[in-house]
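Chemist: For reference, the chains in residue letters:
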Amino acid sequence: MKVAEAIIKFLESENVKTIFGYPGGAVLPLYKSLKTSTINHILVRHEQAAIHAASGYALNTNKVGVCLATSGPGATNLITGIANAYMDSIPVVIITGQVNTNIIGYDSFQEADIIGATEPFTKYNFLVKNENEIGKIFKEAFHIANTGRKGPVLIDIPTDIQNKIVEYNYPETIDILGYKPTFNGNKNQIKKAYEKICKSEKPLLCIGNGILSSNARKELQDFISLTEIPVVHTLLGKGALDEKDPHYIGMIGSHGHKFANNLIEKSDLLIIIGMSISNRTTANFSTNEKSIIHIDIDPAEVGKNLVSNIPIIGDAKNILKELSNYKYNSAYENWINIINFEKENNNIYLGKNKIIDLKLAAITDKLGDNAVFIADVGNNQICAAHNIKMYKNRKFFTSGRLGTMGFSLPASIGSQASDITNEIVVIIGDGGFQMVMNELITLYENNLNVKIILMDDNSLGMVRDLQKNRYDETFSTNFKSNPDFHKICSANNVKYFNLNSLKDTEEFINYNSLCLGRINQRDDFYE
Amino acid sequence: MSRYTIALVVNNQSGVLSKIAGLFTRRGYNIDSLSVGTLDSEFLSRMTIVFNGDENTLEQVKKQLNKLIDVIKVVDLSKDLSISRELVLIKVDTNSNNKRDIIDIVDTFRAKIISYNKKSIIIELTGDKPKIDAFTSVLSSYGVKELTRTGSVGLLR
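Sequence lines, in order, name chains W and A.
Counting in my numbering, the first sequence runs from 1 upward without gaps.
Counting in my numbering, the second sequence runs from 528 upward without gaps.
Derived by calculation from the structure, the hints in this document are not laboratory data.
Watch out, some of these pointers could steer you wrong.
Heads up, incomplete: computed chain W residues facing chain A, CB under 8 Å, no partners named [what the hints assert, rightly or not]: (1) A112; (2) G116; (3) P120; (4) L177; (5) C198; (6) G303.
For every residue, glycine included, the Cβ atom is placed at its ideal position computed from N, Cα and C.
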């Protein structure tokens, strides 16, 4: 069988249902094999959307998302999305075509060194030189992408290799000499952590992406029910804990709640699980003079930005289970009083816009308990993070560490395609929307039922605010002219609603097909 | 700032060197010297890397290198328990006046003359960094024409 046929069979063995791609000369053998396979191929309108969609697929399923692009510009168009997946630890496998083996290195037509270019932000990448290794490479790629600290893995396949004849062989076992991620936490460290928790009077759990990526929501819930420890989270940790839970406090970080950041300073023990402690997270608090338990799957995160007393390397789900095997006798009355005081007196966050906040909260409160919210980047993202409440099975995705504008809409293609029963809601600003509005037609073409909330302030709101605050004036952050978004929707067969009107808002909430509701932040509202 | 030496066992395939060098560049660490050679198995190479930094840099370098899938083992050779050597080849201009002096220096340092003609000689010396530094500095007054150093290789005792 041809290598291209074998590759599609590997994807089927990995239970990949949908892939996202854009064809070109160097991947035509793969497209020929795709045509007759059971895998659904979604044709995007720009390669960047393919990688974001694969990320959206992976985030919604915790399975590996797959995207496909041709050599040269096809591959380089993926780069932003690959960096995004790397920063947010999203498991994706990226397949790129490459020029024929005998003309690699000659600056051939549509040749680009995508291996070299993506080296800094792929977890691993392969250039396939020997067709007989193709099975091993795919097996390893899927394994590396979705174990340990998850991330993107790129496979670059020259066209002539795709056409070579091989015997079908997909290995069942994996043994990668240099890749053995630690899964189980060290028992002694876990015991030490337990003892530390017992001694603490003001403990605080600080959770991030790792809870969601290790599928540990239940284990987290069990652990806090047992220990009664209050919980703050990062932007990417939103949705890891039901916000109706009495232990839920709020979001930390530069755009987090003031009280949540204050409580970090006031606690005597921080239990950090699955977060990278980036500069945006720690912008508004200091961690001096307190004990820190740091749980992470990636040993390099421990001690990178913060020195911890008790590091535990391993899978969050597993370690939380182990910690829950102990008996706790928790009474934090004094601490709870401090928390309540803070919550009452410092309930503010950067960029608060009361009218818009109320508006978004009112709309999203009426959506389902299983809704998946995908926020873009900027003021719309922060507004979404503060006003959309995570109840029951709701999920919240966004581009956290890279801050990639134009992530949400393409990601919704993947999230919706992975499970068409999900209610997918995109929150996006007019800046990000104009970067990716060409993908509206992809949603329509594939019958993907996504609700888009366009928060239109006719500007790049967050950057404008930064400019005002730091440089006293604004330049180039207000759009002189925006397109007529109603017409854009009509042209793409997307139902349009004006969310400044009460009637439209109600219809929008109940509308059960692809639609866009625009909040015009400069106009009056119905309230 | 201190000097640290680490040894790596890595997959012997194209692209690995650039992955490792790239990691140092990206994170702002500066490589002083680097040497690579294959091991018994043709699939593996051993690298010795010398770099400057503090304790934190060393920790991060080790952790980040360990994260690379092509890196199989990281050994810290900075401790007293390790031995390291580098090799230098030096070409020196000679004439009837200085030849005797140079040969004396070569003997003192237990170096070797490996090429000898009317105009110049080439000397080979192995040793740790301070010894090589001392040797090159003594010879510098005699008109060193060309010099090449390998960078350190090291082993734990």
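Chemist: Next, verify each hint and record whether it holds.
Modeler: Hints and how they fare:
1. A112: This interface hint is violated because 15 Å lies over the 8 Å limit.
2. G116: Interface hint status for W:G116: holds (7 Å vs cutoff 8 Å).
3. P120: Holds - the Cβ of W:P120 comes within 8 Å of chain A, reaching about 6 Å at its closest.
4. L177: holds (5 Å)
5. C198: Violated, about 29 Å.
6. G303: At 6 Å from the nearest chain A Cβ, W:G303 passes the 8 Å test, so the hint holds.
Going down the numbered hints, you'll see the structure goes against 1, 5, while the others check out.
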